[in-house]
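Chains A and B, in that order, give the protein sequences. So the first sequence is numbered by the numbering used here: it starts at 654 and just counts up by one. So the second sequence is numbered by the numbering used here: it starts at -13 and just counts up by one.
No wet-lab data here; the hints were simulated from the structure. Bear in mind that the values here come from a model prediction, so they are computed numbers and not experimental data. We treat Cβ as the ideally placed atom computed from N, Cα and C, and that holds for glycine. Don't take each hint at face value.
Away from chain B, derived, C-beta distances all over 10 Å, residues of chain A [said to hold, decoys possible]:
1) P689
2) N821
3) P829
4) M850
Only part of the chain B face toward chain A is listed, based on derived beta-carbon distances under 7 Å [to be verified]:
5) N(-10)
6) L(-9)
7) W(-7)
8) Y(-4)
9) A(-3)
10) A0
11) A1
12) Y8
13) Q22
14) L23
15) L26
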Amino acid sequence: MTEAVSTKPDKLTPVLAVASATLVVASLYLIFVWVPTENSMGIVQRIFYFHVPSAATSWVAFIIGGVAAIRYLANRDGRLDDLSVSCNEVGLVFCIVNLVTGIFWAKPIWGIWWAWDARGQSAMLLAVIYIGYLILRQSVDEPSQRAVVCAVVSICGMIDIPIIYMANRWWRTQHPAPVIGGGGIDARMGMVLAFTMVALLVLLWYLVRQRRKLAELQRETEGVRRMVHALG
Amino acid sequence: MEENLKWLWYAFGAAWVIHILYVATIASRAKDLRGQLDNLKSLLKDQQEKAG
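So that you can see chain B by itself, here it is in the shape it has in the complex (with noise of 0.2 Å):
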């Protein structure tokens, strides 16, 4: 009973384990591209004033 009680552990843990760390990658990966964004942005911004 114990030693059977150990596996579902396991496999309850591992699913939640790996839902907690694709919603982290998504959080990541959001911060990343909004970083990426407000770069060009103010990039862009550069290049139509030089523009004129």
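This is chain A alone, in the form it adopts within the complex (with noise of 0.2 Å):
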């Protein structure tokens, strides 16, 4: 059985396009040229308004791919798979961009490129769980059978999400202090780091749409490859 992809004409997503890059370009600005230099850490400390957000924006995409596999396994429609494979491949771009941002910022900081703390452990490990994820992906062939296991993964890989978020009020790590939900920020730069934050949501629902896209095209290749496959 196959499933034609959608023919409507899609509006949504030239208008998200728009307005990502829009608010991409803004929050830049507000990074580069608005926000005041931090005292201690100097220019360096900017980092930290894409570094955040990047975190932030790959935890809402792997919770989203998350649900979407829990109603997966209830519903059992390859609409929701989509879904969730979409969400999870975005969230590791996004999980991927907050690694190296970090990276980046670790060196003039801390003098090293890593630090194995367990808020920085935890976060690689989120992003090796979601590697793992699209490996096994391309590993089975069966479609139902692919959405089966990947989304045990998928729900398991989520339980990683609020140990990053509590890592550095559990242990002591060489992370600076809680800032979403921490408090303590100069109004300024929450502004800007909520702003990033807006700006990277909207990629996100984007990149999303797009990749869904694809995931459909993919699903009714593999539908008419099987009816092929039954009249050969």
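Build the complex: two chains, separate frames, hints provided.
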């Protein structure tokens, strides 16, 4: 059974593309020009305005992907599997951006590329889980079996998110004190952080929509391939 | 100051390179899949015509 990709004109995607590009450019202006330079770390601290929202955006993506996976296990609707893989893959991109920007922040501030502290390790573990998830998707051929196995991994992957969030509260880490939910941040810095968060969430929405179209196309291709094999 | 500015550019540069590469991979995979789908559909049409 094949499900044709929707041929309805998509008005939202171009709007999201323009909105995310505009918001990202505005956030870059705020980060590089508008916000005051932090006293102790200097200009490198500006990496924080991209590092923290990238992490938070990846968590949002993984949570949506995990909830879609739970709903897939309940309903066995292929569109929920499409949503889950799309959110998890795009979430992994934001997670990698978070790790890379963290590395470029750590080197000048701590003098090392990577501190093996609890938050860094749990964040890296999150990336490894979802890299494994994507490898697993490639290695299982049967679509419904693949969706079930990957849904379980997606649900398990979400468990790491509260561990990352709480890591610098539960353990002594080299990471700075909590920012989100920790208070004590300058009003303008908080505003830029919130604005960049909104910009990246709109970008996430756009990328997930694009990735879902790819997933639908993949499902349609697999369906037609099965029909060709059945007739051949 | 200038030494530290380098790290800021590296971080933002790397972040945007990752995003742009990802968008490029989505576009490339979509193009491949559309090609495969068109081939499979024409193959399916041929098979259905042969089967009558």
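Going down the list of hints, with the structure as the test:
{"no.": "1", "hint": "P689", "in the structure": "15 Å, holds"}
{"no.": "2", "hint": "N821", "in the structure": "20 Å, holds"}
{"no.": "3", "hint": "P829", "in the structure": "16 Å, holds"}
{"no.": "4", "hint": "M850", "in the structure": "15 Å, holds"}
{"no.": "5", "hint": "N(-10)", "in the structure": "5 Å, holds"}
{"no.": "6", "hint": "L(-9)", "in the structure": "6 Å, holds"}
{"no.": "7", "hint": "W(-7)", "in the structure": "5 Å, holds"}
{"no.": "8", "hint": "Y(-4)", "in the structure": "5 Å, holds"}
{"no.": "9", "hint": "A(-3)", "in the structure": "4 Å, holds"}
{"no.": "10", "hint": "A0", "in the structure": "5 Å, holds"}
{"no.": "11", "hint": "A1", "in the structure": "5 Å, holds"}
{"no.": "12", "hint": "Y8", "in the structure": "5 Å, holds"}
{"no.": "13", "hint": "Q22", "in the structure": "5 Å, holds"}
{"no.": "14", "hint": "L23", "in the structure": "5 Å, holds"}
{"no.": "15", "hint": "L26", "in the structure": "4 Å, holds"}
Hint compliance for this structure: every hint is met.
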